[in-house]
Amino acid sequence: MGKFLLVTIQVDLYDRLALTLEEDLIQMVHKTGARGVLIDISALSIVDSFMGKIIGNIAAMSSILDAETVVVGMQPAVAITLIELGLPLPGVYTALNVERGMALLTARMPDETEDEDVDDD
Amino acid sequence: MTTNIREQLSIRQERDLIICRNRVKEAAVKIGMGIVNQTKLITAVSELARNMLIYGGGGNVLLETVTRGREQGVQIVFEDKGPGIADINKAMQDGFTTGKSMGMGLPGARRLVSEFFIESTVGIGTTVKIIKWKNG
Ligand SMILES: Nc1ncnc2c1ncn2[C@@H]1O[C@H](COP(=O)(O)OP(=O)(O)OP(=O)(O)O)[C@@H](O)[C@H]1O
Ligand SMILES: [Mg+2]
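Respectively, the protein sequence lines represent chains A and B.
Quick note on this note's numbering: the first sequence kicks off at 1 and runs consecutively.
Quick note on this note's numbering: the second sequence kicks off at 1 and runs consecutively.
No wet-lab data here; the hints were simulated from the structure.
Since we're looking at a predicted model, the values are computed, not measured.
Ideal placement from N, C-alpha and C gives every residue a C-beta, glycine not left out.
Misleading hints may appear alongside valid ones.
What the hints assert, rightly or not - Dumping the calculated PhoX-like pairs for lysine-lysine here, alpha-carbon to alpha-carbon at most 25 Å:
id, chain 1, residue 1, chain 2, residue 2
1, B, 30, B, 129
2, A, 53, B, 100
3, B, 129, B, 25
4, A, 53, A, 31
5, A, 53, B, 90
6, B, 25, B, 134
7, A, 53, B, 25
As the list claims (entries may be wrong) - Label pairs and their in silico Cβ distance ranges:
id, chain 1, residue 1, chain 2, residue 2, range
8, B, 4, A, 65, 48 to 54 Å
9, B, 10, A, 7, 31 to 37 Å
10, B, 121, A, 109, 52 to 58 Å
11, A, 7, B, 69, 44 to 50 Å
12, A, 89, B, 26, 25 to 31 Å
13, A, 24, B, 111, 30 to 36 Å
14, A, 109, B, 117, 48 to 54 Å
15, A, 32, B, 71, 48 to 54 Å
16, A, 99, B, 12, 40 to 46 Å
17, A, 65, B, 6, 49 to 55 Å
Please build the complete structure, drawing on both the sequences and the hints.
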């Protein structure tokens, strides 16, 4: 998967770990020239303003480096809560799962030929 | 019905935020709160406990299960002896922050719970009490 970075967050993170993740991820986008970042948050039981800010920062910085960010696997209860919390997440796309997130990113990159096929059911 | 959980926690460092969230979840599960209300409650708790740590210099949390009529709920009181909030009305508005953040914690937490009380005195500290009813 040369073009996209996939990050899976496995546990509810400490604030400091989340900041480290943000830094590492930006470095990786820079180093690999990835055009897309997929953040799998299916294991997160909540997204509060702190985590929301981290995701927003990753999206903002990635976009400066010409990469788009998709958050995948958000639990329905987390999505409902985020809306009521009122967090704006500008520049962040969401998709149901990793496959659909890949499809979304791929579709947004029309100028490049695609040799991996993405199943979408 | 009697109060069956009454727990005191202190918030001094980041690690305590996670412990606090887990204890609240246990209490919510114990009274049979559904996953959506649980998630709303824990998110509000995360906001208020973090505020206490960042702005209040840490503080104490009192976690209880409570009953009103037939309704069961989880009540949490956050108490700190920090600098207090000069203008609560302003602090409760979406987007107001003194910490270069998003200013969504307090107003967001209020929307996520059933009952929300805040009291703050400059130089004395801040107390926030929330209740989330099981079906609220
Ligand atoms: N326990 C507290 N003690 C003193 N001041 C507080 C406390 N909690 C909140 N505040 C003040 O109220 C403001 C608004 O808080 P709120 O949680 O809504 O936003 P924030 O923490 O600045 O940003 P966010 O929560 O979105 O990261 C804070 O910036 C701070 O000035
Ligand atoms: Mg806050």
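Pairwise beta carbon distance, residue 24 (chain A) to residue 111 (chain B), judged against the given window 30 to 36 Å:
For residue 24 (chain A) and residue 111 (chain B) the Cβ distance comes to about 33 Å; the hint holds.
Pair hint outcome, residue 25 (chain B) versus residue 134 (chain B) [Cα-Cα no greater than 25 Å]:
Satisfied, since the Cα-Cα distance of roughly 12 Å is no more than 25 Å.
Tell me if the beta carbons of residue 121 (chain B) and residue 109 (chain A) are separated by a distance inside 52 to 58 Å.
holds, 55 Å
25 to 31 Å was suggested as the range; check whether the CB atoms of residue 89 (chain A) and residue 26 (chain B) agree with it.
Holds, at about 29 Å.
For the range 44 to 50 Å, tell me whether the beta carbons of residue 7 (chain A) and residue 69 (chain B) fit it or not.
47 Å Cβ-Cβ, so the 44 to 50 Å window holds.
Is the straight-line distance between the alpha-carbon of residue 53 (chain A) and that of residue 100 (chain B) 25 Å or less?
Status holds; Cα separation ~11 Å.
Holds or violated: are the alpha carbons of residue 53 (chain A) and residue 31 (chain A) at most 25 Å from each other?
With a Cα-Cα distance of about 23 Å, the restraint between residue 53 (chain A) and residue 31 (chain A) holds, given a limit of 25 Å.
What's the verdict on residue 53 (chain A) and residue 25 (chain B), does the C-alpha distance respect the 25 Å limit or exceed it?
holds, 23 Å
Beta-carbon spacing of residue 109 (chain A) to residue 117 (chain B) - inside the hinted bounds 48 to 54 Å or not
holds, 50 Å
Please verify whether residue 30 (chain B) and residue 129 (chain B) have alpha carbons no more than 25 Å apart.
Status holds; Cα separation ~20 Å.
Given pair status - residue 25 (chain B), residue 129 (chain B), alpha carbons within 25 Å:
Since the Cα atoms of residue 129 (chain B) and residue 25 (chain B) sit roughly 17 Å apart, the hinted pair holds (cutoff 25 Å).
Note whether the CB distance of residue 4 (chain B) and residue 65 (chain A) lies within 48 to 54 Å or breaks it.
At 52 Å between Cβs, range holds.
The structure is consistent with each of the numbered hints, conforming to all of them.
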